[in-house]
Every structure is written in C-alpha cells, then in structure tokens.
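2 protein chains.
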Amino acid sequence: MNSSLPTYEDVVQASQRLEGIAHRTPVLTSSSLDAGLGAQVFFKCENLQRIGAFKFRGGYNALAKLDNEQRQAGVVAFSSGNHAQAVALAARMLDIKATIVMPHDAPAAKKAATQGYGAHVVEYDRHNQDREEVAHALMQAQGLTLIPPFNHPDVIAGQGTAVKELLEETGGLDALFIPLGGGGLLSGSLLAAHAINPDCAVYGVEPEAGNDGQQSFRKGEVIRIAAPDSIADGALTQALGSLTFPIIRQHARDILTVSDQQLLQALRFFAERMKIVVEPTGCLGAAAAFNEIAPVRGKRIGVLLSGGNVDLAAYSDYLKTA
Amino acid sequence: MNSSLPTYEDVVQASQRLEGIAHRTPVLTSSSLDAGLGAQVFFKCENLQRIGAFKFRGGYNALAKLDNEQRQAGVVAFSSGNHAQAVALAARMLDIKATIVMPHDAPAAKKAATQGYGAHVVEYDRHNQDREEVAHALMQAQGLTLIPPFNHPDVIAGQGTAVKELLEETGGLDALFIPLGGGGLLSGSLLAAHAINPDCAVYGVEPEAGNDGQQSFRKGEVIRIAAPDSIADGALTQALGSLTFPIIRQHARDILTVSDQQLLQALRFFAERMKIVVEPTGCLGAAAAFNEIAPVRGKRIGVLLSGGNVDLAAYSDYLKTA
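As you go down the protein sequences, you meet chains A and B in turn. The first sequence begins at 52 in my numbering and counts up by one. The second sequence begins at 52 in my numbering and counts up by one.
Think of the hints as simulated: they come from the structure by calculation, not from any bench. Check before you lean on any hint, since a few could be wrong.
Any copy will do: because identical chains look the same in the list, a pair fits if it lies in one copy or spans two.
Derived pair list, reagent style DMTMM-like, types lysine to aspartate or glutamate, alpha-carbon separation capped at 25 angstroms [stated by the list, open to error]:
1. Lys162 x Asp368
2. Lys116 x Glu216
3. Lys270 x Glu174
4. Lys371 x Asp156
5. Lys371 x Asp311
6. Lys148 x Asp85
None of these values were measured; they are calculated from a predicted model.
Generate coordinates for the entire structure from the input sequences, incorporating the hints supplied.
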C-alpha cells in the first residue's frame, strides 16, 4: 500500500477518473433556512451520489488505479456500510471480485445493497472481533488487495472531488462543514479547499459521543477512544488514520461535535423542508451549521451531506421522535 | 380571466419569466432501476422545487402577469395545499397580499407553510361547502383577483416549463408519465412536449379512485365524479377544467390509473433507493411507469415527480406500511 500523503494533484486526477462515472451531485439551497440563519447555505448532496454516499468516489478511484494482477486476484474491504457498497459497485463496474467484511449488526439495507451489487459478504462480531484482522486473514489466504475505508491516499483523493465540485460551482465559500469519521472525506476536502479556496474555514464534525477527532486535533496526536455509541453509524471510528490525521491537523480550522438530538432535528428538516433523505451521519455537518457551533451569520456556507443510506424502519422512527 | 387556450409560446414566455426565480430542478437517475425495468428513466424532481412542488411555476407566472391595479388589490386562491403555498410565496416575492381558501382538513404541514409565507388562510369544510363559492365571495367583497389552481392559461403555461427543461436536458424522450389532478401540469406538459418532441407519448396518471380524467378522455367530454378517496391528496379533483381538457384530449396518448398500494411502493422506493421524499400524489407518474401500465421496456422515459409536501407523521407511517 502506498502510504505517502495524497496531494491536491491526486484529487484533480481522481476527478478526471470519475468524470461520467460518479454523479455530479446537485447543490441545493433553501431560502427560508437562509433567512432564519442569516447565511447563505449550499448543500452538496452526496446522499444523491451512486450507492447513496460520497464513498463511491474514493472506492472507485482506488479500484481504478489497481494493476491487472491485483484486479484479477480481487479486493477485500471492511466497512460499517457505505464503503462496502462503494467497493462492491466499483468492483462490479471494473469487473473485479469483491469480498466485504461487515459487522453482523450493520443496517440490513446496507448489507442487502452490498450483496445486490454482487459482492461476497463476510460477517464479524463488532464487539469481539477485530475487523482488520478478519480482513487481513482473507488477504493472505486469497491474495486479495485491501481497500481501506479511509486511510489510503487514493480513497482520500477520491473523496476530495465532492468539495472540489462544490467550490467550483459556488465560486468560493467562507466556511465548510464536513462529517468526520475516520477522516477520509475531511482530509480529501481539505486538500481541495486549501488549493482552490485557501481562506475557507473547514470544520470537521463528529458525534459528541465519538469525539476522538476533536481530542486528537487539540492534543496534536492521534487519540484512540472506546467504540462510541451514536445514531451516526458511519462515524463510529475509534481513531483517525496515519494519513488522514496529518492533513486534518495541518489544514482544518477546528473539529466540532453535535448531539444525536441535533442530528435528528437536522434529519427531520431535510425530510420536511428540503425533501431529501439524509442518514444521521450525513447530518453531522448540517447540525453544526444549524446550531451555529462555529460562526455562520453573514457568511456563505457549504455543508456536505455525506449519505442517505438508512433502514426505512429506523428512518420512519427518527421522523416520529422529534 | 383570460379563457383562451394557452400555447407553447406562452410556455416559452413563462420559462423566461421564471429564469433565476424558480429552481431549475435536478434530473435524477438510478442504474439499478434502469437495469430492473430494462428502460432508461429520468426523474424530473419538482419535489425539490421552491415550496416543494411544481405549483410554484404556474403560481408565479400568473401573479407576475397581473397589472398594477390587480397587484394592489391582492389575490385569492383555493387549494388543497401546494397551489396555496405557491401563490403565497409568489405573492410575497412580488409584494402582493394573498388570501388562501383551504379545506379545514388539509395537511397541517401545508397550512403552516402557507401561513409561514405570509398569506392569510381562510378555512372551509370540504364536505359541506363549495370552495369556489367561498373564494368568489371574498373576491367580490374585497376586489381580489382569483388565481385558480389549474384552469387558467398562465397557470398552465407556467406548469409546462418543467417538462420543457426535462426534454431540453435529456435531448428527447420516448414517453412521459405525468401526475394528473385538474390537469394544469399535464396540459402544460403536453404543450411543451408537442412542440419540442412531438413523437413523445405523454401519459397522464390518476389515482384509481379518482379516474374522472380517464373517463373524460375516453368519452370525449368532461365527466364529473364524486369526491374521491385516495392518499394522493393533490389529485382529488372531481373534474378536468374547460382549458385543460381540450389540450389533454388533443395531445395525450392515454390516461392511466394506479392504486394507493402502488403509490406507496413508489414512495418507499424513492426514500430507500433515491434518497428523496416524494408525496403520494408526486408518485403517480412513477407508479405507472414502475408497474408498466404503459410500455416502458427498451425506451427512454421521463417521470415527473410533482411534489414532496407530506406531513412527517403520515410519511413516517407510509414508510412502515409496505
């Protein structure tokens, strides 16, 4: 695995690789929200991306860069959900065999969608087994190439293409609010923002219960926490990566946190006023902006909605519990 | 009120009037849907339009054409929901006083949104009062101009701009599936499709329980039915209009019907797979296409999603009752 830090040039190349392959997702706005917040907010809708999340960008970019031998042997990924679907779909498009290691309690919709894309799913127990060990065993037994969910230069570069599109389309922003789990999306976004719009304040946003990123950012070293408990099931990572952390440390303005209650309020706002389905993790950036956890008044704000993959039964409950 | 039939030229002028005012709504696609149907389907997302429905187009177009005297006196509209919000928002944007006559049992979200746009809401009993009489009394007492929900040339012309955008963006389609209530959207769409893409088969789609349009189309005269019962609350009209019917009769390929169960299946598909909130009425065209009530295999299909305004509590229930 290439372990040197990716650069903006890698984001530009990923962007060319994804042209006509990934959706150029729409940027939506709401006049009534803007009037209430006293800001201009641009939502980059990666919930409307292929597989329902930005993860397709990084997954496809990483798979497209494999050599012929690697493609023939196949790939393996471990993921709580969206990365799994991303690798599964990208693998099918590139005619590569994909094996996905998923927690046994991952949302049923995510498991079914991954299998629907033709991938082989191997389950593990999130509480008693280490998913990296499970994946590494498969790699060694079958010669598979591991596609990590965030700590990989090609994955990071791919994730950065969404913010590149947003900044180009809006002509520049004062601040950006980006969901933060392992940091693939945030570090890729930082590479793009720093190159295109260096004055833009970029915030990573985590669930309160899983604030390893905030602790790490403030302490200046990677802090590992116990498995957090939040409805933001795509941001339950325990630590930033060796590649994502240095980029975040160098370029992020701050790391913010929001509560599950704030995530639910944002989720309901998106259904009721903007007519889009956003999963709890996808609401992280929005919840921070709506609650003005960093300054937004008088500013032009970008909010990345990272995904929309949520079990309908759970989603139905979220809409009811205000 | 101008009672001559609108033409495609009126749609073109409405389109210029709405430029930079209405959203140019995104066109979404789903590879997995296309693979299943053996068709290429393009969804025109008017649920993502201002006020959450296409109705903004026609409402704004009609109000923008009023003279100074009419603007100063104010306007009145009767509507089960989306037209109310459309007139309320357009009136606020054009600094016109709006009075909206709504059924007392209209969805709470629609009533609140209408008032939120600054309109004065007058309620009536849908089962015992005639909304047109209520509105006409207000017109005469206060000198207000009536903005009807569908049977008005400027409203029809405005509604036609969505399909104009869709056909221009996709470069032409084999068939179009359009929700049908009073026929404003369908007749406007027919004007646009007939001018831009005359070979395109355009279908209007109604709820099974309220098939006055289908009866009228097949008999060649406007048939009035008793107030229908369907979850498609935006298509509970009892008869087509004197302006919409002649256009529909001349240009529509056929009028189709779908069941409430088929609407719910489509609604769930949009939440689960496409990450968008579509109200039951907005699913009419999609339900007909998904169930192949007219031929779709091997074709390029346009489906107009007319709106996304639905009470969250009701929507939450719809997601659960498969």
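These are the hints, each one checked on the structure:
no., hint, in the structure
1, Lys162 x Asp368, "both (20 angstroms within a copy, 24 angstroms between copies)"
2, Lys116 x Glu216, "within (21 angstroms within a copy, 37 angstroms between copies)"
3, Lys270 x Glu174, "neither (35 angstroms within a copy, 60 angstroms between copies)"
4, Lys371 x Asp156, "both (23 angstroms within a copy, 21 angstroms between copies)"
5, Lys371 x Asp311, "both (14 angstroms within a copy, 22 angstroms between copies)"
6, Lys148 x Asp85, "between (46 angstroms within a copy, 23 angstroms between copies)"
The structure fails hint 3 only (numbered hints given earlier).
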